[in-house]
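> Residue-level listing of the chains:
There are 2 protein chains.
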Amino acid sequence: MSEQTHLNTTEERVAAGAAADPWYSLYADRTLGMKQSEVRSLFSVVNRPEVVSLAGGMPNIAGLPLDFLAELHARMVRDRGAKVLQYGSGQGELPMREMICDVMRPDGIEADPENIVVTTGSQQALDLISQILVNPGDVILAEAPSYVGALGTFRAYEADVRHVEMDRDGLVPEKLEEMIATVRAEGKPIKFLYTIPNFHNPGGMCLSEERRPQIVEICRREHVLIVEDNPYGLLGFDGDPATAMRTLNPEGVVYLGSFSKTFAPGYRIGWALCPTEFTRRLVLANESATLCPTTFGQFAVASYLQEYDWYQQVKEYREVYHARGQAIQEALEEYLPELEWTKPTGGFYTWVKLPEGINAKDMLERAVANGVAYVSGTAFYADGKTGADHVRLSFCYPTPEDIKEGVRRLAKTIGEEKELLGLA
Amino acid sequence: MSEQTHLNTTEERVAAGAAADPWYSLYADRTLGMKQSEVRSLFSVVNRPEVVSLAGGMPNIAGLPLDFLAELHARMVRDRGAKVLQYGSGQGELPMREMICDVMRPDGIEADPENIVVTTGSQQALDLISQILVNPGDVILAEAPSYVGALGTFRAYEADVRHVEMDRDGLVPEKLEEMIATVRAEGKPIKFLYTIPNFHNPGGMCLSEERRPQIVEICRREHVLIVEDNPYGLLGFDGDPATAMRTLNPEGVVYLGSFSKTFAPGYRIGWALCPTEFTRRLVLANESATLCPTTFGQFAVASYLQEYDWYQQVKEYREVYHARGQAIQEALEEYLPELEWTKPTGGFYTWVKLPEGINAKDMLERAVANGVAYVSGTAFYADGKTGADHVRLSFCYPTPEDIKEGVRRLAKTIGEEKELLGLA
Chain A
1 MSEQTHLNTT EERVAAGAAA DPWYSLYADR TLGMKQSEVR SLFSVVNRPE VVSLAGGMPN
61 IAGLPLDFLA ELHARMVRDR GAKVLQYGSG QGELPMREMI CDVMRPDGIE ADPENIVVTT
121 GSQQALDLIS QILVNPGDVI LAEAPSYVGA LGTFRAYEAD VRHVEMDRDG LVPEKLEEMI
181 ATVRAEGKPI KFLYTIPNFH NPGGMCLSEE RRPQIVEICR REHVLIVEDN PYGLLGFDGD
241 PATAMRTLNP EGVVYLGSFS KTFAPGYRIG WALCPTEFTR RLVLANESAT LCPTTFGQFA
301 VASYLQEYDW YQQVKEYREV YHARGQAIQE ALEEYLPELE WTKPTGGFYT WVKLPEGINA
361 KDMLERAVAN GVAYVSGTAF YADGKTGADH VRLSFCYPTP EDIKEGVRRL AKTIGEEKEL
421 LGLA
Chain B
1 MSEQTHLNTT EERVAAGAAA DPWYSLYADR TLGMKQSEVR SLFSVVNRPE VVSLAGGMPN
61 IAGLPLDFLA ELHARMVRDR GAKVLQYGSG QGELPMREMI CDVMRPDGIE ADPENIVVTT
121 GSQQALDLIS QILVNPGDVI LAEAPSYVGA LGTFRAYEAD VRHVEMDRDG LVPEKLEEMI
181 ATVRAEGKPI KFLYTIPNFH NPGGMCLSEE RRPQIVEICR REHVLIVEDN PYGLLGFDGD
241 PATAMRTLNP EGVVYLGSFS KTFAPGYRIG WALCPTEFTR RLVLANESAT LCPTTFGQFA
301 VASYLQEYDW YQQVKEYREV YHARGQAIQE ALEEYLPELE WTKPTGGFYT WVKLPEGINA
361 KDMLERAVAN GVAYVSGTAF YADGKTGADH VRLSFCYPTP EDIKEGVRRL AKTIGEEKEL
421 LGLA
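These protein sequence lines are chains A and B, in that order.
Per this note's numbering: the first sequence = residues 1 to 424.
Per this note's numbering: the second sequence = residues 1 to 424.
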């Protein structure tokens, strides 16, 4: 782990930075708040072969049709090289945006390619939306807990993130209303609600069908823009995607999608489906950030979607993750039956509540020594402190056998930690 | 051109925006300053087949070895698909960073891959460097004129850009010293000097060998970081690249490179070679913006560099641009001998001074009606007003015959404009 994770106060970091870095005094205010995420810090540990990683969110792409893709790439370069290797549009290439409309159709979305902006992964869409909307100190509403990568980006724009409670059915409408009222009473502007309604990262749960119109209606009434992040929506174990909130109020929702989980992350192609006027802002921000997203990657993904039965590939991914989701469920039942966790019904994650008195962050070193890695719940709260009573376990990448062994090691670690703390 | 270019004051834009866009009141302060660049606004015009475009900066990639590349891509996907299609490192893949060291060697740079950060084009490096360094109102020094894409990004971070005079030998050291003193007297922080020393965009000139150590020394003394942007350095018509300023003070210069002009822009792969401690900041900002640059694109570019005689390809590009640079030089001598322009010795551009009294922005509509497009000099100044006495002509993309015809049409347009204004 980097030295940074041990330096908690701004003062400590200023002192450490100033000593080592001649340019430290020139950094912008926002830079001092940026730190390595707990997830990223784990990467070196996670890559050790003896450690079972239940930490990372890498998709399992072993099942991709590589021979087909090899031929497709070769043909694309040979026949359309001068186009696919050239600069493109800041909004994204039209064939890509048209195919994105197809990909959103299972969610019930009927979109116009004119309202789509292609970005360098949906992470960049999050970054640019924050750039467009957030002045330092502005409020962003997010679930409690929320996606670590979004929180890092919000921090870079010096947002004041307020977490809103979830239960098994996802974000709680009454809690959302309460939080909006609280923030409004403070006189602070609310810039948007950031939400992951399907197979939440890290929570694992889905927003119920009943609550979707309720959340949309609250936000419409309160003039709060919704940023609906949906990387996992197609990856429910039993198929049928839920109703996208975007369908309930197209001019009130920015919908984010990504090919990183349903196809492959290596091209870095994501998108935002925007309210009409917002689209133009996002295109300008996109051009300012990168001129245009990768033309090559866009044509590769668009050609794959056009020429391959991509929905069949999605179904195969579902089976891969279903088997792994079942494995972690069974392992938790076997080795840690006394704990509570989100029963996986899709996506990549389950959120596990630790026994009273155990701190996920403190326990991590012991877990890694025992050969298993997880992400401490603290990574998923803006303050970096809340959430120490939970861990996020990812079941997307390891084999079912490794998942079982990983959970066994986690149980052993928890047992040791309880004993050490006199909790046994 | 977009409606935006006709709305000059913030008040006008607020009024127009608020009427059309329900989310307008939520935009961050920085967003109100972002507007479509004059170059981007021209895109629709430029693509009309009857117009000779001397406006765009699209590289001429017709000469790329597409059969070789097709086979290389196919092999890469077939043999290493699970790696090249997966997420990668926020700093960029090591094989890519190692090959980037090779590509900088002709500039005299001996770099450590540890100090390189791969970005989504060098545009994104500019964006992230601004994010790391610039608080609203901070000063960035840039040449007069400067690259339109950089100015747009600096505007997004609400920087106060101060232009420093150039002559035929590039940035004038005494003028740089004067500007630093002026800004310091105002009590404003200077965050960096942004400079394009080789085949300047839009100026066309090179910073002389004599001045390079002078500029570096002034910045070292004044503790001003240098951002050395070098997309065209290898594309001098007579070979031999100039001394990179980076070599003169490695801890004082962030050097930006790109494969967009020396190979192909479609992958969106650029890089920053950083002072040691700055590297870590840039990696964090990169992760926050996009998680990682495209793994696929990096492996494609790295494989090309490893397996192809890339420097021979650079030499072929030089010949392509040399022929076009000569064509524009000859056409200007033939049709507009009374004007002054930068004699092209490399790169993509020449900077032409118009006859006294002619306004490049006002003349553009007539030029397009006459079948030629250029970029008004006003695009290359932060205030959007200075520079109306110049046009940038790009000679990179059209054929030599089209270039000649384009300049003939420009001469006709200038003649008509002079007559109309009573200047003839």
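For the record, the hints were derived by calculation from the structure and aren't laboratory data.
There could be a bad hint or two in this list.
Which copy is meant is left open, so a pair is good if it fits within one copy or across any two.
[Unchecked claim] List of simulated lysine to any residue pairs, SDA-like, C-alpha gap at most 20 Å:
hint	residue 1	residue 2
1	188	388
2	418	50
3	83	320
4	188	213
5	83	48
6	83	71
7	418	356
8	361	183
9	343	185
10	188	24
11	404	51
12	315	105
13	35	279
14	83	173
15	361	318
16	418	30
> Please go over all the hints and tell whether each is borne out by the structure.
The hints, checked one at a time:
In this homomeric assembly, residue 188 and residue 388 never come within 20 Å of each other (Cα to Cα): the closest approach is 28 Å inside a single copy and 43 Å across copies. Neither within a single protomer nor between protomers do residue 418 and residue 50 lie at most 20 Å apart by alpha-carbon distance, with minima of 24 Å and 78 Å respectively. For the homomeric pair residue 83 and residue 320, the shortest alpha-carbon distance between copies (18 Å) is at most 20 Å, but the shortest distance inside one copy (36 Å) is not. In this assembly of identical chains, the alpha carbons of residue 188 and residue 213 never lie at most 20 Å apart, being 26 Å within a copy and 50 Å across copies at closest.
When the C-alpha separation of residue 83 and residue 48 is checked against a cutoff of 20 Å, the pair qualifies only between copies, where the shortest distance is 17 Å, while the shortest distance within a copy is 41 Å. For the homomeric pair residue 83 and residue 71, the shortest alpha-carbon distances inside one copy (18 Å) and between copies (18 Å) are both at most 20 Å. In this homomeric assembly, residue 418 and residue 356 come within 20 Å of each other (Cα to Cα) only inside a single copy, at 9 Å, whereas the closest approach across copies is 84 Å. Within a single copy, residue 361 and residue 183 get their C-alpha atoms no closer than 30 Å, and across copies no closer than 47 Å, so neither meets the 20 Å cut-off.
For the homomeric pair residue 343 and residue 185, neither the shortest alpha-carbon distance inside one copy (37 Å) nor that between copies (64 Å) is at most 20 Å. Within a single copy, residue 188 and residue 24 get their C-alpha atoms only as close as 31 Å, which misses the 20 Å cut-off; across copies the closest is 17 Å, which meets it. Taking CA atoms no more than 20 Å apart as the test, residue 404 paired with residue 51 passes inside one copy only; the shortest distance there is 13 Å, against 66 Å between copies. In this assembly of identical chains, the alpha carbons of residue 315 and residue 105 lie at most 20 Å apart only when taken from the same copy (15 Å versus 48 Å across copies).
Taking identical chains as interchangeable, the C-alpha atoms of residue 35 and residue 279 lie at most 20 Å apart only when they sit on different chains, with a minimum of 13 Å there against 30 Å within one chain. For the identical chains of this complex, residue 83 and residue 173 are neighbours neither inside a copy (48 Å) nor across copies (42 Å), given an alpha-carbon limit of 20 Å. In the homo-oligomer, the alpha carbons of residue 361 and residue 318 never lie at most 20 Å apart, since the shortest distance is 31 Å inside one protomer and 56 Å across protomers. In this assembly of identical chains, the alpha carbons of residue 418 and residue 30 never lie at most 20 Å apart, being 40 Å within a copy and 51 Å across copies at closest.
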